[in-house]
Amino acid sequence: MITPHNIFRHEIIGLNVEITESSHDGLVGIKGKVVDETRNTIRVEVRGGRETLIAKDNAIFQFLTPDGEKVEIDGKILVSRPEDRIKKKFRKI
Amino acid sequence: MKFFDCHLYGKNYESDYRLIEESSRLGYSGASLFYSTDNYQSVDYLETINENLLARGTHPPEDTPSPDFSSDFHLVAGVEIRPKHGEDLRKKINKFRKKSDLLMVLGGDLKINRASCENSKVDILSRPYLKRRDCGINHVFAKEAARNNVAIELNMSDILRSQSVFRSKMLAHFREIIKLHKKFHFPVLITSGASSIYDLRTPRDLVAVANCFGMAPEDAILSLSNVPWSILEFNQQRKNMIIAGVKRIES
Numbered sequence: 005m006i007t008p009h010n011i012f013r014h015e016i017i018g019l020n021v022e023i024t025e026s027s028h029d030g031l032v033g034i035k036g037k038v039v040d041e042t043r044n045t046i047r048v049e050v051r052g053g054r055e056t057l058i059a060k061d062n063a064i065f066q067f068l069t070p071d072g073e074k075v076e077i078d079g080k081i082l083v084s085r086p087e088d089r090i091k092k093k094f095r096k097i
Numbered sequence: 003m004k005f006f007d008c009h010l011y012g013k014n015y016e017s018d019y020r021l022i023e024e025s026s027r028l029g030y031s032g033a034s035l036f037y038s039t040d041n042y043q044s045v046d047y048l049e050t051i052n053e054n055l056l057a058r059g060t061h062p063p064e065d066t067p068s069p070d071f072s073s074d075f076h077l078v079a080g081v082e083i084r085p086k087h088g089e090d091l092r093k094k095i096n097k098f099r100k101k102s103d104l105l106m107v108l109g110g111d112l113k114i115n116r117a118s119c120e121n122s123k124v125d126i127l128s129r130p131y132l133k134r135r136d137c138g139i140n141h142v143f144a145k146e147a148a149r150n151n152v153a154i155e156l157n158m159s160d161i162l163r164s165q166s167v168f169r170s171k172m173l174a175h176f177r178e179i180i181k182l183h184k185k186f187h188f189p190v191l192i193t194s195g196a197s198s199i200y201d202l203r204t205p206r207d208l209v210a211v212a213n214c215f216g217m218a219p220e221d222a223i224l225s226l227s228n229v230p231w232s233i234l235e236f237n238q239q240r241k242n243m244i245i246a247g248v249k250r251i252e253s
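Protein chains in written order, with the working numbering: chain A, 5 to 97; chain B, 3 to 253.
Extracted from the complex, chain A is given alone in its bound form (with noise of 0.2 Å):
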């Protein structure tokens, strides 16, 4: 079950997101499904097929969990594998 509280430690694939900031001005508005995910880049599917490799370091992503919820993430708290992300230690506020 992915939540607010645990989505960043979840897998990714398959949410849908869009990119709120990036550094790359022609990045931000782009909004579809994640269909894969390296361990700096996310690979977003958009209307129409087309497939656009993110950077998540300098780019801040909205995703909407299956519960409709939206959650704002920076990506540089996603940067590393996802498999390793489970186990990574994240700073509370």
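Where hints are given, some of them may not hold.
Here are the simulated EDC-like cross-link-like pairs (lysine to aspartate or glutamate), alpha carbons at most 20 Å apart as the crow flies [said to hold, decoys possible]:
(1) A:K96 - B:E120
(2) B:K241 - A:E76
(3) B:K13 - B:D40
To be clear, the hints were calculated from the coordinates, so they are not data collected in a lab.
With the hints as your guide, set chain B onto chain A.
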């Protein structure tokens, strides 16, 4: 420019009302009253102060010479923690973080200064130089404060209330903190630290004094306006933040 006085000492209704009234007259758009951990729970008159200010702002009495009385004054209550040791600090932060809008830790002890800089739940480290012969922070604390977004407070009442060699030492401490601020970019707050209306000064006066200890006027204006407002804005979002960098969006 909306100036915010981030440190006024709260006592009781009459004193607090006069402080807020005077700071509004001097040109501040907001202020935060700080109470001790024992008194904070019993403070329930802040809304009354706000309502009275609002009523007075819209219908100013004829005998008060305050035509520029601001009716949209932003009043915030905060807790000032005076910990005995690091463990005590941690307990008090956990107790008061969710209850208060602003959390301030009184520094002075090196261990307390360090623990405050390392804790992202702390908003402001107040007077790290208190009763010390140095400024109370070094490059290690400065890095941590910048990483955890802990603001370091420069209290102007320390300059006002000291004299001769003590005043010059205070200015030297401030100069040292500004030097670290320029290198490590942690937030710095300039506050009046007023407990009576006679301690209050206009924002431009504080900027002029800040210029004496090596702070550029633009930086001083930022630390009287942008820094406090950004701390308040961040604290409003704190309840939606799950960890640093992850935020739930309310639709």
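Holds or violated: K241 (chain B) with E76 (chain A), Cα cutoff 20 Å? holds (14 Å)
Checking one constraint from the list: CA of K96 (chain A) to CA of E120 (chain B), max 20 Å. Satisfied? Holds, at about 12 Å.
Would you mind confirming whether the straight-line C-alpha gap from K13 (chain B) to D40 (chain B) stays at or under 20 Å? Answer holds: K13 (chain B) to D40 (chain B) is near 12 Å, not above 20 Å.
Of the hints listed earlier, there is not a single one the structure fails to meet.
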